[in-house]
Amino acid sequence: MLELKEGERHPVDFVLNGKPTRALAEPRMLLSDFLRQELGCAEIHVGCEHGVCGACTILIDGVPARSCLTLAVQAAGRNIQTVHSLEAEDGKLSDLQEAFRRHHALQCGYCTPGILISAERFLRSKANPSEQEVREMLSGHICRCTGYVGIVEAILETARTRAGARS
Amino acid sequence: MKPKPFTYLRPANLNEALQALSRFGEDARILAGGQSLLPMMNFRLVQANALIDISRLDPLAYIREADGEIEIGAATTQAQLLEWPMLREVAPLLSAALPHVGHFQTRSRGTVCGSIAHSDPASELPLCLATLGGTVVLRSPKGERALTADKFQTGMLATARRSDEVVTAVRFPKRKPGAGYAFMEMAQRHGDFAICAVAAVVIGKIARLGVGGVADKPMTREWSGLLDGEIEDALNDFAWDLGGTDDHHATAAYRRELVRRLGRRAIEEAAKCSS
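Chains A and B, in that order, give the protein sequences.
Residue numbers for the first sequence, in our numbering: 187 to 353.
Residue numbers for the second sequence, in our numbering: 388 to 662.
Honestly, I wouldn't trust all of these hints.
Said to hold, decoys possible - Residues from chain B that face chain A, not an exhaustive set, calculated with beta carbons under 7 Å:
| no. | residue |
| --- | --- |
| 1 | Arg397 |
| 2 | Leu425 |
| 3 | Tyr449 |
| 4 | Arg496 |
I should point out that these hints are in silico values taken from the structure, not numbers from a laboratory.
Heads up, the beta-carbon is just placed ideally off N, CA and C, and yes, glycines get one too.
Full structure from sequences and hints, please.
Structure, rendered in structure tokens:
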């Protein structure tokens with residue numbers, strides 16, 4: 187049985203946006219703090235720290251997760267993706283990110299990394315979502331700037347464009 | 388907003404998890420999805436000396452059909468149950484209730500058994516368990532026991548689980564022939580805690596209603612041969628008997644009104660789906 191004692195820092199090995207990564211964490215350290223403070227992932231925005239606001243959402247083995255409700259030590263052996271996994275290596279934005287820009291789907295941008303990563307995962311499971319389904323998915327994120335209209339538009343447009351490209 | 392220090396344990400099997408639980412005593416907690424436990428630890432409403440992580444115990448991640456029931460293992464997430472192709476056919480009440488459990492981004496981690504073990508009075512899955520009369524399977528070093536929902540659920544965030552026991556599975560009765568089911572809730576936003584949630588089962592002349600979010604645990608009541616004119620009085624009595632109180636989400640009077648209206652709507656919809 188793996189036992190990581192309290193108050194001690196333990197190595198955590200995992201894959202971060204495609205790169206093998208190792209850093210030290212106490213058992214009590216949240217994955218959100220681990221990524222942002224130990225590994226310099228400035229795209230991890232910490233809002234409420236109890237799983238309500240959605241700003242810190244990431245993918246763990248392709249599954250959406252609140253990094254504030256995950257322990258750093260739980261990331262061991264996992265594949266972690268932040269919003270940076272969406273863009274190309276040269277920094278070129280993805281189609282979804284471009285759509286957010288076109289539709290003014292952000293103002294201050296605090297909620298955006300979480301929304302983008304969860305919208306990307308959502309579109310993979312539902313290629314042709316209704317507006318209602320997009321809004322239900324967005325209930326897991328809080329945006330205090332936009333009123334969500336631009337965000338919904340950007341996600342629906344991306345779904346339509348991708349569907350058009352497939353057919 | 389950070390948890391107090393604790394030791395993290397990752398057992399390789401259920402027996403190791405039970406050993407760890409016995410060793411660290413009643414301040415140890417089982418960690419599965421963490422979607423209820425970690426917020427409470429961040430708030431320091433829960434102060435655990437050890438977390439025993441069972442989320443990687445693959446033998447506990449299953450959905451099984453047997454003897455008129457479906458059994459769901461302790462590592463199965465809410466999203467996995469919602470995506471199970473048989474769900475709507477086999478367990479229509481769960482199929483209707485699960486989309487209200489948290490959000491897309493928390494169902495992916497949160498487990499079915501974890502929600503039931505946590506026993507929040509406003510949670511949907513404990514309400515379904517109570518309404519359907521399901522069972523909770525508990526394992527300790529001494530052996531296994533199964534408790535029905537009414538024995539397991541004892542109050543606000545309180546259950547009959549002993550400190551050396553792990554909830555290893557829950558069992559929900561399958562859809563009964565000819566029965567109709569309905570689930571409805573009122574929350575401030577989709578996915579928020581329910582101000583009032585109702586689950587209804589109608590079989591022939593028998594109507595059973597469960598209510599969450601009002602009393603300190605899910606409460607159920609069953610009526611037989613209710614006539615159209617009697618349902619309002621019956622629901623009104625139930626609404627008052629639940630003893631809801633005012634809080635910053637809603638007044639007691641508003642909650643009683645929700646029990647009367649949602650209760651009626653759910654029973655009518657369940658009756659429509661029954662045959």
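| When the nearest CB of chain A is found for Tyr449(B), is that gap smaller than 7 Å? | violated (18 Å)
| Residue hint Arg496(B), partner chain A, criterion CB-CB below 7 Å | Since chain A brings a Cβ to about 5 Å from Arg496(B), closer than 7 Å, the hint holds.
| At a threshold of 7 Å, is the proposed contact between Leu425(B) and chain A supported by beta-carbon distances? | holds (4 Å)
| Satisfaction of the Arg397(B) interface hint, Cβ to chain A closer than 7 Å | holds (4 Å)
In this structure, only the earlier hint numbered 3 is contradicted, and the remaining ones agree with it.
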